[in-house]
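Keeping their order, the protein sequence lines are chains A, B and C.
The first sequence begins at 6 in my numbering and counts up by one.
The second sequence begins at 39 in my numbering and counts up by one.
The third sequence begins at 110 in my numbering and counts up by one.
Honestly, the hints are just simulated from the structure, not real lab data.
Hints are supplied without guarantee of correctness; some may be wrong.
[What the hints assert, rightly or not] Here are the computed lysine-lysine pairs in the DSSO-like style, where the Cα-Cα straight-line distance is at most 27 Å:
no., chain 1, residue 1, chain 2, residue 2
1, B, Lys292, B, Lys360
2, A, Lys190, C, Lys192
3, B, Lys300, C, Lys348
4, C, Lys134, A, Lys190
5, B, Lys167, B, Lys148
6, C, Lys121, C, Lys192
7, C, Lys307, B, Lys305
8, A, Lys38, B, Lys58
9, C, Lys307, B, Lys304
10, C, Lys373, B, Lys292
11, C, Lys307, C, Lys151
12, C, Lys373, B, Lys300
13, C, Lys121, C, Lys202
14, B, Lys169, B, Lys245
15, C, Lys361, B, Lys305
16, C, Lys361, C, Lys409
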Amino acid sequence: MELSKAVNSSTTIKKEKKYSPLRELLKNWKKQKNALWASLFILLLITVAIIGPFIAPYDPYKPDYNAMLQGPGIDHIAGTDEYGRDIFSRLLFGARISLTVSFLSVFLGAIGGTILGLLSGYFGGWLDRLIMRSSDVMFAFPDILLAIAIVAILGPGLTNVVIAVSIFSIPSFARLVRSSTLEAKETVFVEAAKSMGASHFRIMFQHILPETLGSLIVFISMRIGTAILAASSLSFLGLGASPETPDWGAMLSLGRDYLGTSTHVVMMPGIAIFLTVLAFNIVGDGLRDVLDPKTKNE
Amino acid sequence: MEKLLQVEKLETQFTKDKQKIKILHGVNFHIHQGEVLGLVGESGSGKSITSLSIMKLFKGTSGEINSGRILFNGDEDLINKSETEMRKIRGKQIAMIFQEPMTSLNPVMKIGEQLLEPIRLHLGLEEKKAKEHAVSILKKVGIPRAEEIMNEFPHQLSGGMRQRIMIAMAISCNPQLLIADEPSTALDVTIQAQILDLMKQLQQKEKMSVLLITHDLGVVAEMCERVVVMYAGRVVEEADVFDLFESPKHPYTKGLIASVPKLGQKKEKLDSIKGNVPNPSELPKGCKFAPRCNDVMPICYEQEPPELNLENARSCSCWLYKEERGGIRV
Amino acid sequence: MSKTLLKVTGLKKSFSIPAGMFEKKKLLKAVHDVSFMIPEGKTFSLVGESGCGKSTTGRLISRLIEPGDGEIWLDGEEISQKKEAQLKGMRKKVQMIFQDPYASLNPRMKVRDIVAEPLTIHTNLSRAERYKQVSEILEVVGLSDYHANRYAHEFSGGQRQRIGIARALIMKPKLIIADEPVSALDVSIQAQILNLLKELQAEFDLTYLFISHDLSVVEHISDHIGVMYLGTIVESGPKEVIFSNPQHPYTKALLSSIPIPDPKLRRERIILQGDLPSPVNPPAGCRFHTRCPVAMDICKGTEPPVKPGETAGHFVSCHLVE
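Input sequences plus hints: build the corresponding full structure.
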């Protein structure tokens, strides 16, 4: 209608100030109060993951049999575990492990899923059926069960956790990208590119992929939370990091024997996992409001 | 002839991102009893906003009327009416038809139900009488098998049929004024001819006043008695339809008429208006048409031209016609 | 006579439309036996109402949809059944302009990359060389280099259509298929774009296949016209003949339906009764007989053959024409 057109068109360009998608994004991002805080927290977390080992007050691996299972105090701000290792230092080291594992697994899953989703949505036909039916099969298993199965086959260890979590991320990414691809495929500018003789590769990566990018970024930020949980669960079950590694999941696993007596041993890594997952989810929600055209209210 | 509707100095604005954008800047015009008035303009001219302002249909938008008067039936100022009072006027005294009938019909309600709603509400007829009235209206707008259509849903009908249903709904309570916003733009040429023909017949039979909003000068020439031309939220020219096409005064109207390709016209090159339709939030100083005008003068960039009365009850807002050239300042 | 650039014979295309679980699969016959030719440097227009198959015909010729039956000869080469890999040459010769200047330009690309895209696809020019050509072509369509570094949504409708035209021109194509290129534009902008298209035709010796529903626009730009109804060309011929001496009752009705922007010319119109029939279930015999004011018995059963009219190049499909 003319009404909305008139009002919308008026916001396109302001005089000579040049439009840039990035500036637009930052402007909208500042309006998302919660997500702004959450993203600051994630930034802090990333910093910790990088410089954590240099600022940690204690060696996270070194047992101290004089200070076993101490509660939070002046010497050890987050207390110590059953071997007298400083929990705070272990958390700082653990941030690096948790973030590396989750980022790596989600990015691998996103790349795999995006390629499969693009192919599936763009070409359709038997390829589409093959890819979608395979992911249906994978969807039939609960995520964590699938991850357990994969690690059980590959053997325990952090590398295998990354592989397991990325594999179970692939189908969700494939589905998401496929649906945006189906939509983008019908746009007139894709038709225009076809009429110019653009190759399938060019159409997929130059014209369709950018259209899916918004929802892809939103989904990645959401999946990072899930991946941290999954990796922690695997470590908790003893399938991930070895017990002496300062991984948050592994710390939880060790602490469970002292749940009744020294709650802080479980509480501290628990809180770390909780806050991190929450932050990523809030950021994901905020990104959705800013980026995802489907939920954008014009 | 008596004036049915008189719009005076109407100003309407919208708010976007806390920024107020004025869309109508003092719109003046009137409609006589039983007259077809054309409101012509391109996108962004404010012609549709004008009709929404008359109906005060701003629900769900940031639109609001700043100032002005909308006198209906003599001295009733619609601007002072409450929403409840407006609801009694809408559909009963002033009815409206929109461009895309599918968006104004409820897809999950039977045609009959939708048609009966205003009849029950405004005419207070009992069920059987209301139904008879509805069927007779459908027949009046040329719908075959009217009784059966009452039990069908909008998606079962073609675009032309849906527009007929919309017209039936609009005239069901014998309104004094019918506002038709691009009623035939979404239709194919042969169907458009049917609908325009129908509207003309109904208007003459019912002695309705019609405000026809359109961008199509062909439709205006076929349908209207008087024409109001809008540009950038202002009325730039008002004239009898014959005078307007015979001797357009405002350079914009001249350009508009010249730029339409006409059948049988052997012209290598169309006359066109240079530049682009301006954005409502970035209007130039002075006359809003100045940057695109062929007859522009220094004063046009400085001051907005006043509405000038010319001979034959026409008016034009352009510095070309200031006092010494025969215009009388309003 | 100049040489024929495009020749289409017996073009047919049906789409199968999804049917309900227990229904038989239905066929939508979008294009049904369309033939025409365009001499080099001329404009041929397909005109008709929605669903008449004019856009499908354009997309068949530009090989945007799976080919149907019939032959398409472009510049002496049959292209209707070729595989995409064999179409490289054709893709350079044929470019399209689309109706919606908002949707046909990628919102995430800058204007210079949009306009340069055909060069990126078909040539090995360096980025600097490509951008140089972009600046030149932008100049030609009435924009300036200053616009090149912006995004398409920063422009008004008319400017965007100029960008679309620049993109179509940059490969120096022979044939441009323009699908309703001005129907989304304001009247004052429409005239600018139509004038531009005519100027460009003269300057670059372009051939146009112009698809439109607007007869006044078509009259202005065309040399030859084909009037389509429900997938077939009912009448075709030189512009002058179609407009001054139309033979087919549908052409007559269509011409009579156009509102003329001159109140002194208000006239008795031929108003067709009823709606357009569905192309899924087109009427037997002459497809127009259900709405034809002069239909005869023969029209219901027998499809009228294409008969030549009095003037050279004029063809009509109607039983009334001798």
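Verification of the supplied hints:
{"no.": "1", "hint": "Lys292(B) <-> Lys360(B)", "result": "holds (18 Å)"}
{"no.": "2", "hint": "Lys190(A) <-> Lys192(C)", "result": "holds (20 Å)"}
{"no.": "3", "hint": "Lys300(B) <-> Lys348(C)", "result": "holds (14 Å)"}
{"no.": "4", "hint": "Lys134(C) <-> Lys190(A)", "result": "holds (25 Å)"}
{"no.": "5", "hint": "Lys167(B) <-> Lys148(B)", "result": "holds (18 Å)"}
{"no.": "6", "hint": "Lys121(C) <-> Lys192(C)", "result": "holds (18 Å)"}
{"no.": "7", "hint": "Lys307(C) <-> Lys305(B)", "result": "holds (12 Å)"}
{"no.": "8", "hint": "Lys38(A) <-> Lys58(B)", "result": "holds (25 Å)"}
{"no.": "9", "hint": "Lys307(C) <-> Lys304(B)", "result": "holds (14 Å)"}
{"no.": "10", "hint": "Lys373(C) <-> Lys292(B)", "result": "holds (17 Å)"}
{"no.": "11", "hint": "Lys307(C) <-> Lys151(C)", "result": "holds (10 Å)"}
{"no.": "12", "hint": "Lys373(C) <-> Lys300(B)", "result": "holds (14 Å)"}
{"no.": "13", "hint": "Lys121(C) <-> Lys202(C)", "result": "holds (23 Å)"}
{"no.": "14", "hint": "Lys169(B) <-> Lys245(B)", "result": "holds (24 Å)"}
{"no.": "15", "hint": "Lys361(C) <-> Lys305(B)", "result": "holds (23 Å)"}
{"no.": "16", "hint": "Lys361(C) <-> Lys409(C)", "result": "holds (20 Å)"}
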